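Letter by letter, the chains look like this.
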Amino acid sequence: MYNSLSTRRSFIKKMAKLSAMTAAASMFPGILFASEQEQGIPNGADLEWKKGPCRFCGVGCGILVGTENGKAVAVKGDPNSAVNKGLLCVKGYHQTMCIQSKDRLTHALVKKNGKYVQTPIQEALDIVANKMKETIDAHGKDSVAMYTSGQSTIPEGYVASKFMKGAIGTNNLDCNARLCMASAVTGFLTTFGADEPMGCYEDIDHADYFITWGNNMAEMHPVLFSRMLEQKSKRGAKIIDFATRTSRSSTASDRSILFEPQTDLAVANAICYEIINNGWVNNSFVEKHCNFSKGLTNIGYGVEDKFKFADKPEKIDFSAYKAFLKEYSPEKVAKYSGVSVKDIKYLASIYGDPNKKVVSYWCMGMNQHTRGTWMNNLVYNIHLLTGKISQPGNGPFSLTGQPSACGTAREVGTFTHKLPKGVVTNPKNRELAAKIWKVPVERIPSKPTYHATEMFRAVDRGDIKFIWTQVTNPLVSLPKTSRYRPGMEKKSCFVVVSDVFPTPTSDVADVILPASWHIEKSGLYGNSERRTQHWDKMVEGPGETTPDAWMTIQVAKRMGYGDLFPYSEENHVEEIYNEYRQFHEGAKHGMAPLEVLKKESGAIWPYVNGKSTQWRFNAKYDPACSNGEAFDFYGKPDGRAVIWQRPYEPPAESPDSEYPYWLNTGRVIEHWHTGSMTRRIPVLHKAMPSAYIEFHPDDAKALAIRNGEQIKVTSRRGSCVLPASINERGLPTKGQVFVPFFDENMLINDVTLDAFCPISKEPDYKKCAVKIEKV
Amino acid sequence: MPIKSYLAHPHDGQKAELVKALSDIEACEVMPATNENILVVVTDTLDDASEEILKEQIDKIQSLKLLALVSGFNSPQN
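Protein chains in written order, with our numbering: chain A, 39 to 813; chain B, -4 to 73.
For the record, the hints were derived by calculation from the structure and aren't laboratory data.
Among the clues, some could well be false.
Stated by the list, open to error - Computed list of lysine to aspartate or glutamate pairs in DMTMM-like fashion (alpha-carbon distance at most 20 Å, straight line):
hint, chain 1, residue 1, chain 2, residue 2
1, A, K52, B, E51
2, A, K739, B, E21
3, A, K51, B, D43
4, A, K140, A, E558
What the hints assert, rightly or not - Simulated restraints, written as ranges between beta carbons of each label pair:
hint, chain 1, residue 1, chain 2, residue 2, range
5, A, P735, B, K15, 23 to 29 Å
6, B, E51, A, G274, 33 to 39 Å
7, B, A44, A, Y374, 39 to 45 Å
8, B, E51, A, K346, 53 to 59 Å
9, B, E51, A, K373, 34 to 40 Å
10, A, D292, B, E51, 27 to 33 Å
11, B, A44, A, G581, 44 to 50 Å
The structure displayed is predicted, hence computed values, not measured ones.
Glycine included, each C-beta is placed from N, C-alpha and C at the ideal position.
Sequences are here, hints too, so could you generate the full structure?
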């Protein structure tokens, strides 16, 4: 087909307009976006619409996929979904376009004499099973590992856990949710004794203020941000953006307050200081429902191999806590946080006003933090001191980045220390797992082994000799990939990668298994608001693509564990979910039956007496409350939540004379995580074709850097070359540069530091020291 | 030949002034967005140098609070 340059130019211009229109619409729910969705549907199409959750972020928008002649030809937002009410962001709308990518992995590939050879899937699974068995026989069960994902479906995560912990008997299972959500988990467990948010997205319809902590929701959770903007417009709700970088969220907010990296710890304490100092404490709530505790301090950063840490909680009283906060007066904190006394007092006054409902939102800014658990605790402190929690429009809300970080990673428990209910260190939890899995309880080890970072360190050291990754791309997403890529390339470890597309991780694999994509299999995800969503297979996958759960089952059967995996290929999703539900029976975590999930656009657990529980721990809404009071934090034995004394401590690495800039990494609206899917969607790839390094204009001027110039960013770990971006997508604070991590051709994680929160073991991708050079 | 699209945020109450100022620039096309608080702007320039000059021109507009880049394309030259 002939395309003149003028036609092409006009097409490009149209596409530029469309991208901006979509971006504008995704910041506000409106007619245009809905009509754009309709415009994308082919003329005269006779489509069958099938419901499911979106494949991308943790919001869990409901989608309707239009299929025709066995192909997915259109996507639109599900108007029946309480999550997105028919809206979709630019990624969600275009999601199925990646399936037909020319480089789709359609058959198993086995490396033979240094080259990948197409191999029948059954033969490839034989190789995987034999290699895993041989490795266990030669080096013990802790020499093999699985690394899965917050994008794995609930059945996929469940069979991975059963296979590793129940069948083989090793806790060498961790997942990429360690990189994004682990601090939220430890924050919830230390404060409430129960994981996951107490509220739900309906809080948006009730809150007077939304305070976002280091969270660019306009790009990362655009549909929720749109719902917030709608409330801003309709009811005058206010959005306050508290961050280290001016982003689209900042500009759309009522107020943008910037802080120096890591000092969010101090500002949160200063807010508590002000709440107490001004008499804004909800005394009856605190007296009835809270305890005070402190933990160890100077807890390290985990940068050394085999780092160990265990906190030693100690009860304190309110007066000791009040005395501790004296170091965090607004005047003292303003000196190093970059936040003015006035702004600290302003934030405190919002939380302190008994007549205003406040929701705090956060995601990676607080979680990917060397004191991530502490930061989560500190925001809970604010809500507990003021009693603004577990009520419509009042509560702290930790958002997730992946579609089933909650449903799979956290609820099924694909972390080294977890079981589908509880933890491996708890004998009762092991007994329950052994009973449901029908294995001897002694087979489930009582000690956790490797968290994600340490797992890849163990691969590099040669301690792990077989690793199987599913639904994840660690050689782009891990911190300090400059160490872990050569580690994975070593002959000492046999690498199996299940994926849909080739990635830098599959490039180092000995066996590549072709996985089914999202709608090519049935499955269940669990989103940020505890909503479990089911979908049925909508289209056939190409070639020999196979669901990850079924590949795990097939390998388990080949290794002699067939009796533990009696599922059928046709109905394994249903059979596995029904088995899994037994773990969570009861009022505290009951899961909705599959027949309900098949009909509805998800249900929120605890699902009790045919009803979702929208606000946990509040007796008005939560049937699990049993203490006779208005609130019952039943995750803790005494029903009381904990207000933690957590100090400010500096980051693992700060700018110095040799490396004078902060490096902050993150995401952009067009691309999802490592870009392996969204970069194969032409409209998204063309809209954001490559990564970049963002500068503050003053820094760019001082360094004589202009837009588009090639810049080398270097840390003590490695370097990366990217084009400069000044006054474009976002604006970092002076002395800071920002780089998105979606681009496998510009691996910024070669530069980042693998320091982590000693409690959650979640790495900090937001702070390390770098130097800048023009190339 | 760069083609770029932006979201333009006006200062409070200055949307009409911003529309006028942007419309007066030949290489700018201004469109309303569903979100009435912002404008969609598409720029079309001959080369990187003209793009740079245009950007400086836009940055001087008093009613403009922030210009956020949405997408950038580079089409081949005739």
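Here is how each hint holds up against the structure:
1. A:K52 with B:E51: Roughly 24 Å separates the two Cα atoms, so the pair is violated.
2. A:K739 with B:E21: Judged against 20 Å, a Cα distance of about 28 Å means the pair is violated.
3. A:K51 with B:D43: Distance ~16 Å between A:K51 and B:D43 Cα, so the pair holds.
4. A:K140 with A:E558: With a Cα-Cα distance of about 17 Å, the restraint between A:K140 and A:E558 holds, given a limit of 20 Å.
5. A:P735 with B:K15: 23 to 29 Å: Taking Cβ atoms as reference, A:P735 and B:K15 lie about 26 Å apart, which means the hint holds.
6. B:E51 with A:G274: 33 to 39 Å: holds (37 Å)
7. B:A44 with A:Y374: 39 to 45 Å: holds (43 Å)
8. B:E51 with A:K346: 53 to 59 Å: Since B:E51 and A:K346 have Cβ atoms about 55 Å apart, the given range 53 to 59 Å holds.
9. B:E51 with A:K373: 34 to 40 Å: Distance hint for B:E51, A:K373 holds at roughly 37 Å.
10. A:D292 with B:E51: 27 to 33 Å: For B:E51 against A:D292, whose Cβ atoms are near 30 Å apart, the range 27 to 33 Å holds.
11. B:A44 with A:G581: 44 to 50 Å: holds (49 Å)
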